[in-house]
Amino acid sequence: MDPQLTSQIVPIEEIRQIEECLARLVEDTSGNYVLLLDKSGQVIASQGDANRQDITALGALIAGTFASSREVAKLLREKDFRSMFTQGVRDNIFLALVEDQWILCIIFNKGTHIGLVKVLTKKATDALAQVLERVRETHKAREDVLGSSFRTSMEDTIDLLFRD
Amino acid sequence: MALINVATREIHCKVVYYGPGMGGKTSNLQYIHTQVPKEAKGDLLSIATETERTLFFDFLPLDLGTVGPKDRKFQVRFHLYTVPGQVLYERTRTAVLNGADGVVFVADSQKHKMEENLKSLRELANNITKNLGKNFREFPIILQYNKRDLKNVATIEELDRYLNPPAMNLGWQRYPAVAYTGEGVLDTLKAISKLVISKL
Ligand SMILES: Nc1nc2c(ncn2[C@@H]2O[C@H](COP(=O)(O)OP(=O)(O)OP(=O)(O)O)[C@@H](O)[C@H]2O)c(=O)[nH]1
Ligand SMILES: [Mg+2]
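Order-wise, the sequence lines are chains R and P. 501 is the number of the first residue of the first sequence in my numbering; add one for each residue after it. 480 is the number of the first residue of the second sequence in my numbering; add one for each residue after it.
FYI, nobody ran anything at the bench for these hints, they're computed from the structure. All values reported here derive from a predicted model rather than from experimental measurement. A virtual CB, placed ideally from N, CA and C, is assigned to each residue, including glycine. Just so you know, not all the hints are guaranteed correct.
Lysine to aspartate or glutamate pairs mimicking EDC-like chemistry, simulated, CA-CA at most 16 Å apart [as the list claims (entries may be wrong)]:
#1 673/P - 659/R
#2 574/R - 569/P
#3 673/P - 542/P
#4 609/P - 571/R
#5 669/P - 520/R
#6 673/P - 528/R
#7 520/P - 554/R
#8 618/R - 528/R
#9 669/P - 528/R
#10 678/P - 655/R
Have a look at the derived ranges for each label pair, beta carbon to beta carbon [stated by the list, open to error]:
#11 646/P - 626/R: 44 to 52 Å
#12 569/P - 655/R: 31 to 39 Å
#13 678/P - 586/R: 20 to 28 Å
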């Protein structure tokens, strides 16, 4: 992928596949909640526990945790931490990288064994890596979304929002 | 990297406030949080030390509204972050910068802070090049010269000479500010929003 590329477009079809993959993971692990994040902390899709209000903050915090673990890896001359497990009293969180772009996050409780979560998460990240591959190829479609009328309209909106 | 979700019709951009410790980054977000109408913002999340210095980051999600022609409207969301400015937290800054689409560099205008400003800006350049893998010269950056209310400040021209030298031809826009009263804060935000959008 072109490193100077500044945006990633996730088309409807790919979102559908991602949601399917996440839904399966929730079901097979009896997880409460599964999130797919961009490494910048933005939520791409989520499944499970439908009425979470805090999802935006959750995304920012989880991505921050992961990014800081990556810095720890550098200090330890470890190539990378591909996954992270956080154990709580009630809930556990398991995080895994999809290539270097996305983070898969699953929140599950005591009733589910971490071993199962790890195995199924691996399956899911492999599937998601293929979706990511296709997403990377779709930047051809960007002009459709980001044409000049979009930019003008965006500028107007920003002016409106910050008018004195 | 900005994320465009065609299914939910949302565009997400990440903007990071960078700069030396105590420069006023957190104050920028605090002011923005008081100014933006409720329906356009989320909670301000701050992970700070007991003395109110940023330990990890501040985070403020903003909703800039819907844009685009009628048949393809998109909801535009900006996520604002601050880094912890203290020297100790260099690696933390790298982590927070991950995936950023634009940076507001908050400089402290006080004369004796010039060296710190410059160090922080160099670190930023290095981070953008090495960790984001982007071209520093093309990366969206807005400068803010903060703390203009204090007596011992350098002039705007002096700050330019240090941080935005004409010889480098970076052409960054810069805004004088007093972050804790809000002066210049929204102008800065407006400028970085436009710049980021223009580079999507
Ligand atoms: N005089 C003056 N003080 C300011 C201004 N902006 C911020 N401050 C004060 O400077 C101090 C530090 O501000 P913060 O916003 O916490 O600085 P920061 O850049 O987030 O600092 P770190 O989190 O340590 O990196 C606070 O006491 C602010 O009230 C300004 O424009 N003028
Ligand atoms: Mg701060």
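Against the structure, the hints come out as follows:
no. : hint                      : verdict
1   : 673/P - 659/R             : holds (9 Å)
2   : 574/R - 569/P             : holds (13 Å)
3   : 673/P - 542/P             : holds (14 Å)
4   : 609/P - 571/R             : holds (13 Å)
5   : 669/P - 520/R             : violated (38 Å)
6   : 673/P - 528/R             : violated (44 Å)
7   : 520/P - 554/R             : holds (13 Å)
8   : 618/R - 528/R             : holds (12 Å)
9   : 669/P - 528/R             : violated (46 Å)
10  : 678/P - 655/R             : holds (12 Å)
11  : 646/P - 626/R: 44 to 52 Å : holds (51 Å)
12  : 569/P - 655/R: 31 to 39 Å : holds (36 Å)
13  : 678/P - 586/R: 20 to 28 Å : violated (36 Å)
Going down the numbered hints, you'll see the structure goes against 5, 6, 9, 13, while the others check out.
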